[in-house]
Amino acid sequence: MLFDHYQTENFFDEMFTSDGTPRPHYQGVSDALNAVSATEFSSKQTAVENAFMRGGVTFTVYNDDQGTERIFPFDCVPRVISAEEWDVVEKGLIQRITALNLFLHDIYHEQKIIKDRVIPPQYLLSAKHFRREFMNCEVPKDIYVHICGSDLIRDHEGRYLVLEDNLRCPSGASYMLENRNALKRTFPELFQASGVHPVDDYPAELLKVLQYCAPAKFNGNNAPNAVLLTPGVYNSAYFEHAFLARQMGIPIVEGRDLVVRDFKVFMRTTAGLVKVDVIYRRIDDDFLDPSVFRADSLLGVPGLVNAYRAGNVSLANSIGTGVADDKVVYYFVPKMIKYYLGEEPILPNVDTFLASEPSDCSFILENLNKLVVKSANEAGGYGMLMGPWAAKAEIEEFRKMIEDNPRNFIAQHPISLSRHPTWTGDDFGGRHVDLRPYILCGEKTVVTPGGLTRVALRKGSLVVNSSQGGGSKDTWVLKK
Amino acid sequence: MSTTTAAREEVARSKQANVMLSRVAGSLYWMSRYLERAENQARLIDVNLQILLDFGQVSAETLKEHWLPVLRSSGDEEQFFRLYESADNESATDFLTFRIENPNSLISCISNARENARQVRDQISSEMWEVLNDAYHFIQGADAKKIWNEGASAFYDQIKRFSHLFQGITVSTFSRVEGFEFIQFGKYLERADQITRLLDIKYHILLPKASDVGGAVDTAQWHAVLRSASAVEPYRRYYVADVLFKKVVEFLIFDESFPRSMKFCAEQMNEYIQLITEGDPAAAVNAEPIQRFAAFLSRLSKVDVQSIFDRGLHEFLDSSQVEIACIGAHLYTNYMYHPPVDLQAEIRFQQQQEQQQQ
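Here the protein sequences come in this chain order: A and B. Quick note on numbering: the first sequence equals residues 1 to 480 in the numbering used here. Quick note on numbering: the second sequence equals residues 1 to 358 in the numbering used here.
Incorrect hints may have been included.
Unchecked claim - Coverage of chain B stretches by chain A, computed from C-beta distances (three or more under 8 angstroms per stretch; other residues unrestricted):
no., segment
1, 132 to 142
2, 329 to 339
Said to hold, decoys possible - Pairs of lysine to aspartate or glutamate residues, derived as DMTMM-like cross-links and limited to a Cα-Cα distance of at most 20 angstroms, are as follows:
no., chain 1, residue 1, chain 2, residue 2
3, B, Lys263, B, Glu315
4, A, Lys338, A, Asp106
5, A, Lys91, A, Asp4
6, A, Lys264, B, Asp342
7, A, Lys184, A, Glu164
8, A, Lys91, A, Asp151
9, A, Lys275, B, Asp280
10, B, Lys160, B, Asp94
11, A, Lys275, B, Asp304
12, A, Lys264, B, Glu346
13, A, Lys459, A, Asp155
14, A, Lys184, B, Asp280
15, A, Lys335, A, Asp116
16, A, Lys112, A, Glu133
17, A, Lys459, A, Asp116
18, A, Lys264, B, Glu354
19, A, Lys480, A, Asp201
20, B, Lys146, B, Glu90
Hints are computed from structural coordinates only; laboratory data are not their basis. For glycine and all other residues, C-beta sits at the position ideal for the given N, C-alpha and C.
Let's have the full structure, built from the sequences with the hints guiding it.
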């Protein structure tokens, strides 16, 4: 029996209770896997990895001259979420993104939330991704964030907490879809007993969102022309860009394929210039338009911002959403929910200390070796101090940085992330996981039932990022 | 109302699906050309290795004579001598197969085909992509040389199979939209070009020793030419008798039905040229190269093999290469390539626009 030696130790385990019995919603998976031998499991695991390599389901490793492509390691044991649990997660995510969209509209217009002293003005004005030049710029249907990929974690009691929101260009949705396909091919028997919500609606829903947010001026007889703007084939997420464009049936374009004339965006086609109405951009604000933002950007399209301001093209996500990704602003999201919606947050934040608040700051500096410190605007697990595991020199380095620029840092108690049985090569071991569900805001707000479960493959590691030894799992939401 | 909206959306979707970026057309074209080139090169190397077996013991000088024209045919002779001292089986096959410094080596061709496919990963079918990806991992992999050492022929066979598989999958999974035209045009253009190069290699070999013409070596050489073009069996069906070099040349240039003859390829190119330029008002303005290609095609129907020999085979092959390159360049610059914008000028222009607006 595959799970005979499995230990949950002192962690919250997704699959087993502390006495080693499978949780009810994992019963089907547990039974099916117990019927498989270790050799069989191992060979299926290898087969999946080969299939990903063949299919080019890879990401490019930076800092490597060869442009090495690697697969995003995939673990065959699915992460299962019960219908009841998902209900709460889904409601919580919709509540949160609704508040965030109201917040973005507010701070780019009246800024009531500042005037009402819910968020101190200095925090917003100093946020790196606050684009004051877009004050009073209207976006279609007042939707700023169309695609959101929030990172959720579960603590030692199994409570879901929001770790960050990812409101700029969240990635990984393609892996959610590919993981499901891979597992269906490898372990069809796992699915039979369980009743799993499909995830393959995601591209269709995304396309609906893109078409829904067409410019207010758009009045063509046909559906609006949507395109996916990629930084290009050398971007680490290029596979995903191509995958999503293909699934939606829209062109994937690079900056050089687009040109702006008369405040309108066109793509260069074999039949001449064709107008573009909606751009699903996978390029950060800074690189979008070298005539407005970074002039050295070769990825963007000169004049794109002109066309956007003129209301001739929509961008998903809109410009300036990064302000709400700022980890200091994150601290205020529960307050936003109360302020805009008059509701209690369904999904709590991780308790957070702001280095720019003097009392918090002295607490942080005194407890650097116990806390996790994050810089306000980094992603991908970079710019982070994991106090309890850090070398002394690293702690001192962060102390200096925090003292120099307290606005740029927050701290949190380390969360003992939940663990999940994961194949280690010859047996199952508990490995820490998080969850990134994908939320789409269009006519309705839709959370795809599932998401990307990322797993820290190294024993004891809490870092789930693909660039730093993370893998992923198929994520199931069970039907009621 | 909902049905008409739905119907309208259908139309819109299909219209949009037919819009094709010039860059995408270019990538499909090059993807196809590079893979076709790889297939031709694989066959050429394989046949040239095998033919040496018929010679028995050969001197270093003969080996050099044997490989130099092959290296020359893709124009990489200089690069070769920068990397190797002398041309023998080992150095020549290594250069033609595994050296990325050689832009026409198999590894370069396959990497380029795959890189172009990667640029348009969203446009081609998953099955097409997987074959190219497999080919790439096959030749790039750590044990590629080991497989080669265990049997060079099997190795080159595998490369050919990837190409054949890719062509079959393309025909059976790729919609007959514009992209297909660029893929096919690229394939036939490359094939026609390779035929001229293949024949030219033997032209080089034959000249020095006129006494060999018609001898055993000569027959073996022309047999090799046919094998290099996958043409032995089709040739036999037409010319049941011996392998005669004039007949071989005639077959490879003029045969109407063999899919690797120059005439066949040129006819196919012509068909795709019509499709690609169809409905483009600019086509009429730039029609000169298209007229010129039509003239080339009609010359192909008029001349016979004897008149080619009278005027010089090499000259004929050379001028054909020029014609093929000329029409290729015309379609490439007009339908697949957009000169990069002058970014600084474009930025200034957009900033001025912005200011006028305020």
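Hints, one by one, checked against the model:
1. 132 to 142: holds (count 3)
2. 329 to 339: holds (count 3)
3. Lys263(B) / Glu315(B): Cα-Cα ~17 angstroms, so holds.
4. Lys338(A) / Asp106(A): holds (15 angstroms)
5. Lys91(A) / Asp4(A): Violated: lysine 91(A) and aspartate 4(A) sit about 37 angstroms apart, past 20 angstroms.
6. Lys264(A) / Asp342(B): Roughly 19 angstroms between the alpha carbons, so the hint for lysine 264(A) and aspartate 342(B) holds.
7. Lys184(A) / Glu164(A): violated (30 angstroms)
8. Lys91(A) / Asp151(A): holds (15 angstroms)
9. Lys275(A) / Asp280(B): Given pair lysine 275(A), aspartate 280(B) holds - Cα atoms ~18 angstroms apart, limit 20 angstroms.
10. Lys160(B) / Asp94(B): holds (18 angstroms)
11. Lys275(A) / Asp304(B): violated (51 angstroms)
12. Lys264(A) / Glu346(B): With a Cα-Cα distance of about 14 angstroms, the restraint between lysine 264(A) and glutamate 346(B) holds, given a limit of 20 angstroms.
13. Lys459(A) / Asp155(A): holds (18 angstroms)
14. Lys184(A) / Asp280(B): With a Cα-Cα distance of about 47 angstroms, the restraint between lysine 184(A) and aspartate 280(B) is violated, given a limit of 20 angstroms.
15. Lys335(A) / Asp116(A): holds (12 angstroms)
16. Lys112(A) / Glu133(A): Roughly 18 angstroms between the alpha carbons, so the hint for lysine 112(A) and glutamate 133(A) holds.
17. Lys459(A) / Asp116(A): With Cα atoms ~47 angstroms apart, lysine 459(A) and aspartate 116(A) exceed 20 angstroms; violated.
18. Lys264(A) / Glu354(B): Status holds; Cα separation ~13 angstroms.
19. Lys480(A) / Asp201(A): Holds - the C-alpha atoms of aspartate 201(A) and lysine 480(A) are around 19 angstroms apart, at most 20 angstroms.
20. Lys146(B) / Glu90(B): holds (14 angstroms)
Consistency with the previously given hints fails for numbers 5, 7, 11, 14 and 17, ordered from lowest to highest.
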